[in-house]
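Make a model of the complete structure from these sequences and hints.
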Amino acid sequence: MKVVRAMIPEPETTSSHSGAATFARYVGALALIVTGVMHLQQYYGVYYRVIPTIGPLFLVNFVVGVALGLVLLAPLGQRAPEVHHLAAIGGIVFAAGTIIALAVSENRTLFGFHEHGYRAAIVISLAAEAVAIVSLAAYLVASRRAAPTPARLRPSGASPA
Amino acid sequence: MAVLATGCQAATNELHPSREELKAGARGSLGQVLVDDEGHTVYLFEKDDEPDESYCHDACASVWPPLTTSRAPVVEAPLDSSKVTLLERGGGLKQVVYAGHPLYYYQGDTSPKDTNGQEKDQFGAHWYTLHPSGQKAEAEGEGGESDDS
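Those protein sequence lines, which keep their order, are chains A and B.
In this text, residue positions in the first sequence follow the numbering used here: the first is 386, and each later residue adds one.
In this text, residue positions in the second sequence follow the numbering used here: the first is 367, and each later residue adds one.
These aren't lab readings, by the way, just hints derived from the structure by calculation.
It cannot be assumed that every hint is accurate.
Computed Cβ-Cβ distance ranges for the label pairs, DEER-style [unchecked claim]:
hint, chain 1, residue 1, chain 2, residue 2, range
1, A, A459, B, D418, 54 to 62 Å
2, B, P417, A, T438, 32 to 40 Å
3, A, A505, B, E416, 23 to 31 Å
Here chain A is said to cover these stretches of chain B; the calculated rule only asks that three of the stretch's residues, wherever they fall, bring their Cβ under 8 Å from a Cβ of chain A [unchecked claim]:
hint, stretch
4, 419-426
5, 470-478
Ideal placement from N, C-alpha and C gives every residue a C-beta, glycine not left out.
Set out below in structure tokens:
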């Protein structure tokens, strides 16, 4: 008896996972861009540019947030999965770091700076950072499930020798 | 987490938490103006037109931190201690008021003797340093202490 092995695709719903991953990536990217833009608005709109250390950090926040967002939105061809995964991890760290920095500055001082209150700009930024973390984490999970797995070799039947 | 845990105590003064002293310091063409005991310049906000109210909150208070204290500050001559009062702010903080003007630091002042906030037009009104008389200070040739409207 001779066993014939054939390539049979996994019965996974990879397309639905892929769609969810793409959606989560776009949402996370937009949330990062919103975070960066809010920091730029504070930098110029309410004079945070005069604050030592914090002012430049707000500008850095804008640059990093928008850069990560654009990378996550960009169609990068064959290298897209690796680059998008790295950008997603970076975005999660970036958003979490921004939240932690705010918490410190609200409760005591950060580089000698004390933040006052939770005005609308801060609430919007916090919400965007939370959305970014959740969305990008969801993207990482969904994209892993959607990744094409090596088709396994399965016995598909037997034929007479 | 340790940072967050220790951060529950309210700061009494964002830049100089333990300072509760006012005196006069020379600032070039501005003359003698109010400073804290480390020489940091303090300012009045023209929008604060009543001594028992501050119009600087949220982002404004982040850029212009109010001079807060837990008790009446020590006042050195030529300042007049009778002109010092305290204004209740949120969170149990008391802001120092001099001659009816709630006092603030400016985040753009990075070292003692800086007066970078002088005549800045931010958050709806101008900011000025104060003379020991309580009047706003202006550089010589710009009206001196005569205008406190």
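So, going through the hints one by one against the coordinates:
1. Checked against the hint of 54 to 62 Å, the pair A:A459 and B:D418 passes, with Cβ atoms roughly 56 Å apart.
2. Taking the beta carbon of each, B:P417 and A:T438 are about 33 Å apart, inside 32 to 40 Å as hinted.
3. One distance hint, 23 to 31 Å for the beta-carbon pair A:A505 and B:E416, holds here, with the actual separation near 26 Å.
4. Closer than 8 Å: that is the beta-carbon criterion, and the stretch 419-426 of chain B has 4 residues meeting it against chain A, so the requirement of 3 holds.
5. For the stretch 470-478 of chain B, the stated coverage by chain A is satisfied: 4 residues place a CB nearer than 8 Å to a CB of that chain, which reaches the threshold of 3.
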